[in-house]
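Chains Z and F, in that order, give the protein sequences. Be aware that the first sequence starts at 1, since it is given in our numbering, and climbs by one per residue. Be aware that the second sequence starts at 1, since it is given in our numbering, and climbs by one per residue.
FYI, nobody ran anything at the bench for these hints, they're computed from the structure. Among the hints, a few may not be true.
Okay, the calculated beta carbon distance ranges per label pair [unchecked claim]:
| # | chain 1 | residue 1 | chain 2 | residue 2 | range |
| --- | --- | --- | --- | --- | --- |
| 1 | F | ARG140 | Z | LEU127 | 58 to 66 Å |
| 2 | F | ASP147 | Z | LEU259 | 45 to 53 Å |
| 3 | Z | ALA103 | F | LYS135 | 34 to 42 Å |
| 4 | F | ARG140 | Z | ASN252 | 50 to 58 Å |
| 5 | F | ASP147 | Z | SER324 | 28 to 36 Å |
| 6 | Z | THR222 | F | GLY124 | 23 to 31 Å |
| 7 | F | ASP210 | Z | ILE312 | 55 to 63 Å |
| 8 | Z | VAL309 | F | SER155 | 21 to 29 Å |
| 9 | Z | VAL29 | F | ARG196 | 35 to 43 Å |
Sample of chain F residues lacking proximity to chain Z, with all beta carbon distances greater than 12 Å (derived) [unchecked claim]:
| # | residue |
| --- | --- |
| 10 | HIS22 |
| 11 | ILE61 |
| 12 | VAL69 |
| 13 | LYS74 |
| 14 | VAL75 |
| 15 | GLY79 |
| 16 | PRO87 |
| 17 | THR97 |
| 18 | GLY124 |
| 19 | ALA159 |
| 20 | ARG181 |
| 21 | MET222 |
| 22 | PHE226 |
| 23 | ARG239 |
| 24 | ARG248 |
If you're wondering where the values come from, they're calculated on a predicted model, not measured in any experiment. Idealized CB from N, CA, C, for every residue including glycine.
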Amino acid sequence: MSLISAAKPNRTAGGFGRVVTTPTFGPLVVLIAFCAVFSVTTRTFWAAGNLSLVVQQSVIVGTLAIGQTMIILTAGIDLANGGIAVLGTIIAGRLVAQEQNPALSLLFALVLCTCFGLTAGLLVSRLMLPPFIVTLGLLGIITAITRLVAQGGAFPVTDDLLSWTGNAFAVGDTSITYGMIIMFCLYLLVWYLLTQTAWGRHVYAIGNNREAARLVGIPVQTRLLSVYTFAGLLYGIAAWLALGRIPNADPNALQNGNLDSITAVVIGGTSLFGGRGSLWGTLIGTLIVAVLRNGLTLTGIDPLWQDLVTGILVISAVALDQMSRRRQR
Amino acid sequence: MSTEVKTKPSLPPRGTVVLEAHGIVKRYGHVTALAGTDLELRAGEVLAIVGDNGAGKSTLIKVLCGAVVPDAGKVLLDGKPVHFRSPLDARRLGIETVYQDLAVAPALDIATNLFLGREVRRSGPLGSWFRLLDKGRMRREAQWEMDELKFHLPSIDSAVEKLSGGQRQGVAVARAAIFARRLVIMDEPTAALGVRESGQVLNLIRTIRDRGLPVILISHDMPHVFEVADRIQIMRLGRRAALTTPQRHTMPEVVAIMTGAARGDEPVPDSNQAGG
């Protein structure tokens, strides 16, 4: 029985082998390495206040990246997520500036963001258009709508509800914002959906082999629609987090939200070809970029180097993904 | 949608007719793919369908698994007429199909692939409200079924992409065998495989038959057909040209009937003589 002998190399890998092959292991090592380097090279990095700031700085991209991860897992991509979130902030900001009920304004912004997710989902699943083109087109449309609604201005947010996500409470020396808690809860929720429910397995299966998913009876179109719509809702929540972080609804904010979230997903070890990766990897990827920017700033290195190092990280992550895929073949 | 895989309805005794098709016609524009063909599958047998390209075997299979709706003719399952509008209809009645291109999700593990699209949730509120999967039960049942099928795999937790082509196709075949309650249709299951790997899949087909599920096997590969088939239906020009057994005709004779060089004779051989 040659099949049994073929099994042996796998079995000997054992517990540690399993840990090393876990997709989040690599990114976690990188994150710890960066933290260690900056803790040694600067005196200010490893302090409760600074670490809290790093996490605060990553809540918006971190939340956008949750939706991005789900979409990339289905072998799609979302170029419109930053645009949708900015539109959310502008809508909520303008409505409140016009003395509308803050709760209803926020709800309206959330519903609108969800509708844009739904639109992208309908175009991708029903018309079978490539996600890249759909979201590129939507980005243009949404950016134009944002400018039209903003009429060239920004809306300072003074309302307590809209900026609530920026409020903090202290645990020891660490200040924790409600926005951070919301982001972690969203990670937990989506991790649960992706790994503990049939829906999540279907998301992975669609990204892996869409035709096989259809043949085994998975409702591929419905699942894709649900992924894009849910992602839209997450972008709406990211808009709320953005208003808490900087209480000013600015049409020019988050210009790179789409690319930053893709960067976080890719550095986190999720494959752009779909079907492989983990949500915790994305959280680690988001933190890697935030730690890198914060640490390089603290060491006094020219900010231009931040983008350079991030770029190298992205290319290395994709190269690793490709190499491991080739080896498996 | 809890799926109980271990308890199957008792299968009819050997030799009873499970699936019949009479006078099936299917035209695509001016092309007649099926010109009134018949088919009869009995319990406990492997029925091979062979034929040259364009003889109508793929179309016939698509009719039987619900992918194509015929223009005329009737299909009977256990003697009752059925009308499949989609593959889902056929699947609901216990007919599973294995496709020639390996229909698996490579990055997912074997247990996940076996239960893909038919996931089992926990009982109670955890399953109904929180939609929590019962991974332990799916793993145990996957392992149990693989042992039952005598199909040995490295580990039920390893990703399908780490398996050989034959093992991958084995996963697809096992999935069909686990969930099929009436019969399994296999469309060229060994076409993408090497010699040794094909052997594994052919063994699996025999095991499925011996457990009582009848199998319809479509194949180009005459040696494979002669290795596992109890009866062979030879298609030619959209009709059943002959129904024979590996004992009655030799490979060259079957090929001659397929190509029209020899005349096929219709009498249906007694399936007891097919052995197995």
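So, going through the hints one by one against the coordinates:
At about 42 Å, the CB distance of ARG140 of chain F to LEU127 of chain Z disagrees with the hint of 58 to 66 Å. Here the CB-CB span from ASP147 of chain F to LEU259 of chain Z is close to 49 Å, well matched to the stated 45 to 53 Å. Checked against the hint of 34 to 42 Å, the pair ALA103 of chain Z and LYS135 of chain F passes, with Cβ atoms roughly 40 Å apart. The beta-carbon spacing between ARG140 of chain F and ASN252 of chain Z, approximately 56 Å, falls within the hinted interval of 50 to 58 Å.
A hinted range of 28 to 36 Å for the beta carbons of ASP147 of chain F and SER324 of chain Z is consistent with their spacing of about 31 Å. Taking 23 to 31 Å as the suggested C-beta distance range, the pair THR222 of chain Z and GLY124 of chain F conforms, at roughly 26 Å. At about 59 Å, the CB distance of ASP210 of chain F to ILE312 of chain Z agrees with the hint of 55 to 63 Å. Between VAL309 of chain Z and SER155 of chain F the CB atoms are about 39 Å apart, so this pair departs from the stated range of 21 to 29 Å.
Hint check: VAL29 of chain Z to ARG196 of chain F, Cβ distance near 40 Å, so the stated range 35 to 43 Å holds. With a least beta-carbon separation of about 28 Å from chain Z, HIS22 of chain F lies farther than 12 Å from that chain, consistent with its non-interface assignment. The claim that ILE61 of chain F is not at the interface with chain Z holds, since no C-beta of that chain comes within 12 Å of its own (minimum 14 Å). No beta-carbon of chain Z is positioned within 12 Å of the beta-carbon of VAL69 of chain F; the least distance is around 18 Å.
Non-interface status of LYS74 of chain F relative to chain Z is upheld: no Cβ of that chain comes within 12 Å, the nearest being about 25 Å off. In this structure VAL75 of chain F is separated from chain Z by more than 12 Å, as the shortest Cβ-Cβ distance comes to about 20 Å. Remark: the non-interface label on GLY79 of chain F is consistent with the geometry, its nearest Cβ contact in chain Z lying 27 Å away (cut-off 12 Å). Its beta-carbon lying about 8 Å from the closest one in chain Z, PRO87 of chain F breaks the requirement of being farther than 12 Å from that chain.
Non-interface status of THR97 of chain F relative to chain Z is broken: a Cβ of that chain comes within 12 Å, the nearest being about 8 Å off. No beta-carbon of chain Z is positioned within 12 Å of the beta-carbon of GLY124 of chain F; the least distance is around 15 Å. At the 12 Å boundary, the C-beta of ALA159 of chain F falls inside the reach of chain Z, the nearest C-beta of that chain being 8 Å off. At the 12 Å boundary, the C-beta of ARG181 of chain F stays outside the reach of chain Z, the nearest C-beta of that chain being 15 Å off.
Listed as outside the interface, MET222 of chain F is consistent with that label: its C-beta sits roughly 26 Å from the nearest C-beta of chain Z, beyond the 12 Å cut-off. With a least beta-carbon separation of about 24 Å from chain Z, PHE226 of chain F lies farther than 12 Å from that chain, consistent with its non-interface assignment. For ARG239 of chain F, the shortest C-beta to C-beta distance to chain Z comes to about 29 Å, beyond the 12 Å cut-off, and the non-interface label holds. Interface exclusion of ARG248 of chain F from chain Z stands, the closest Cβ pair being 34 Å apart, more than 12 Å.
Violated hints, in rising order: 1, 8, 16, 17, 19; the structure is consistent with all others.
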